[in-house]
Amino acid sequence: MQDAVARHVRDGDVVVIEGFTHLISFAAGHEIIRQRRRDLTLCRLTPDLIYDQMIAAGCAKKLVFSWAGNPGVGSLHAFRRAVEAGTLEIEEYSHFGMVARFSAGAARLPFWTLRDYAGTDLPRANPRIKSVTCPYTGEELATVPALNPDVTIVHAQRADAQGNAQIWGLLGVQKEAAFASERVIVVVEELVDERVIRSDPNRTVIPAAIVSAVVVEPWGAHPSYAQGYYDRDNDFYVGWEAISKDRGELAHYLDEFVYGVQGRAEYMAKQPRLMERIKAGEQRCAGVNYGY
Amino acid sequence: MAAVAARELVDGEVVFVGIGLPNLACNLARRTHAPNLVLIYESGAVGATPSRLPVSIGDPALVTGSLMVCGMADVFQLFLQNGRIEVGFLGGAQVDRHGNINTTVIGPYKKPKVRLPGSGGAAEIAIHAQRILIVSKLSPRGFPERVDFVTSPGQRVAKVITDKGVLERDTASGDLVLAGLYPGVEIAEVRAGVGWPLQSRPRLARLDPPTPEELQLLREVLDPQRLYLTS
Numbered sequence: 001m002q003d004a005v006a007r008h009v010r011d012g013d014v015v016v017i018e019g020f021t022h023l024i025s026f027a028a029g030h031e032i033i034r035q036r037r038r039d040l041t042l043c044r045l046t047p048d049l050i051y052d053q054m055i056a057a058g059c060a061k062k063l064v065f066s067w068a069g070n071p072g073v074g075s076l077h078a079f080r081r082a083v084e085a086g087t088l089e090i091e092e093y094s095h096f097g098m099v100a101r102f103s104a105g106a107a108r109l110p111f112w113t114l115r116d117y118a119g120t121d122l123p124r125a126n127p128r129i130k131s132v133t134c135p136y137t138g139e140e141l142a143t144v145p146a147l148n149p150d151v152t153i154v155h156a157q158r159a160d161a162q163g164n165a166q167i168w169g170l171l172g173v174q175k176e177a178a179f180a181s182e183r184v185i186v187v188v189e190e191l192v193d194e195r196v197i198r199s200d201p202n203r204t205v206i207p208a209a210i211v212s213a214v215v216v217e218p219w220g221a222h223p224s225y226a227q228g229y230y231d232r233d234n235d236f237y238v239g240w241e242a243i244s245k246d247r248g249e250l251a252h253y254l255d256e257f258v259y260g261v262q263g264r265a266e267y268m269a270k271q272p273r274l275m276e277r278i279k280a281g282e283q284r285c286a287g288v289n290y291g292y
Numbered sequence: 001m002a003a004v005a006a007r008e009l010v011d012g013e014v015v016f017v018g019i020g021l022p023n024l025a026c027n028l029a030r031r032t033h034a035p036n037l038v039l040i041y042e043s044g045a046v047g048a049t050p051s052r053l054p055v056s057i058g059d060p061a062l063v064t065g066s067l068m069v070c071g072m073a074d075v076f077q078l079f080l081q082n083g084r085i086e087v088g089f090l091g092g093a094q095v096d097r098h099g100n101i102n103t104t105v106i107g108p109y110k111k112p113k114v115r116l117p118g119s120g121g122a123a124e125i126a127i128h129a130q131r132i133l134i135v136s137k138l139s140p141r142g143f144p145e146r147v148d149f150v151t152s153p154g155q156r157v158a159k160v161i162t163d164k165g166v167l168e169r170d171t172a173s174g175d176l177v178l179a180g181l182y183p184g185v186e187i188a189e190v191r192a193g194v195g196w197p198l199q200s201r202p203r204l205a206r207l208d209p210p211t212p213e214e215l216q217l218l219r220e221v222l223d224p225q226r227l228y229l230t231s
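Protein chains in written order, with this note's numbering: chain A, 1 to 292; chain B, 1 to 231.
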């Protein structure tokens, strides 16, 4: 992780760590904080706790997002403080708008059209939301500009050494974000043999051809989750409310769990009962015949 | 509120579900009068049958045993924009007399008094779902005459289910009007909870309290830890 972040994440970059509730690479976010990257433009549909931590740590110059809350809990207080104090630049869309931005980026088009935003104040708040007249029907459609990040970081359940990455469960917008990006870091729970990938190719979401680095980091998505590996640590999400509300508590958290450890293995070792608490149960799928 | 919201759902409908009370309402409906309700969560789970109360919109229990899991581009383009969603649930910090919802900022956008989470999928849900249901507790701060910021336009709002009664959108005036009351609630109590002169339907519906079966399902099966139920 240290090498991948050192090589591929640079000061001033447009950085995406995607994953909708599921498979959020906290391990990568923590490493970016440890390496004290600055002036990043952080983009994500849901900034979640990881961007709240990165904002608090001073990594972010700007945030591009569509829903900035603590999912199922309440607020992201470092984010709120920064916006209310005017110290963080923001560019705001809706989820569909962000998805459309990644779709345009992935297809290498300059913008994407969507039927959205009529009657809302979002285009007034964000002048990058524009419109176009359809040349076939004359209908006015909303447009959003392509988003092409410098680097996208995706956590996946498994990949082979080349970076062919397989994801199951919620897929979010990882495929589009990865294809839109100049560089892609894939972080996995498990490194598997290429034969495992080839035995079930429909499950591959990101192909090795677009991957710059593969990092093996078990438990790297905690406190978010990895379907089939571990559950969301909801207690941590609930606990973040009190931690992020108080600058001192937040600084103390970063000192202990981010700056105070070398990496994810040490982070997990500090919490000896965590694995047992969140380890996933068994629910196998039926399997299919790929023969011909 | 959860029981009243559940009764708004018709068996077989395709519903875009939110977390909290809407989720309770949908799962209550599915276990009572609407077993064929199709629950779609914006995270991409289609036909979800969560075996535990989802604590977030992307809970892994929404995936296990669902009919389909798709990426979010498909959720918004193939389901929502395609017109496949019949009912959408929304909530917000502010709902105004036209049913517009604000989940973005209290105060001016550039200098907000309170920065709220923002749209998420709420803007496009309000635009594309055929019928919008809002579930929200009544209070003058929460129901101003005009919202500070329109995150989701109110045109498709059918009903607002509150803790005192139910408001409907009057098609002629575009205003929310009082349509039904819980037993023992006076019209004046509802009027006191909104920031505009609230009109009433000539005949107000009497909203039945939850049945013993609904209460048992809500309290013992769907939300035993009382994460979203207050009583």
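Everything labelled a hint here was simulated from the structure, so no lab data went into it.
Nothing here was measured: the structure is a model prediction, and the numbers come from that model.
For each residue, glycine too, the CB sits at the ideal point set by N, CA and C.
Hints may contain errors.
Computed list of lysine to any residue pairs in SDA-like fashion (alpha-carbon distance at most 20 Å, straight line) [unchecked claim]:
#1 B/K111 to A/R38
#2 A/K61 to A/R38
#3 A/K62 to A/E91
#4 B/K113 to A/R38
If you want a taste of the chain B side facing chain A, the calculated C-beta under 8 Å gives, among others [stated by the list, open to error]:
#5 S51
#6 I57
#7 T64
#8 V69
#9 L78
#10 P108
#11 P112
#12 G120
#13 T151
#14 A158
#15 V177
#16 W196
#17 Q199
Verification of the hints:
no., hint, in the structure
1, B/K111 to A/R38, "violated, 25 Å"
2, A/K61 to A/R38, "holds, 7 Å"
3, A/K62 to A/E91, "holds, 8 Å"
4, B/K113 to A/R38, "violated, 28 Å"
5, S51, "violated, 10 Å"
6, I57, "holds, 6 Å"
7, T64, "holds, 5 Å"
8, V69, "holds, 6 Å"
9, L78, "violated, 12 Å"
10, P108, "violated, 10 Å"
11, P112, "holds, 6 Å"
12, G120, "holds, 3 Å"
13, T151, "holds, 6 Å"
14, A158, "violated, 16 Å"
15, V177, "violated, 20 Å"
16, W196, "violated, 19 Å"
17, Q199, "violated, 23 Å"
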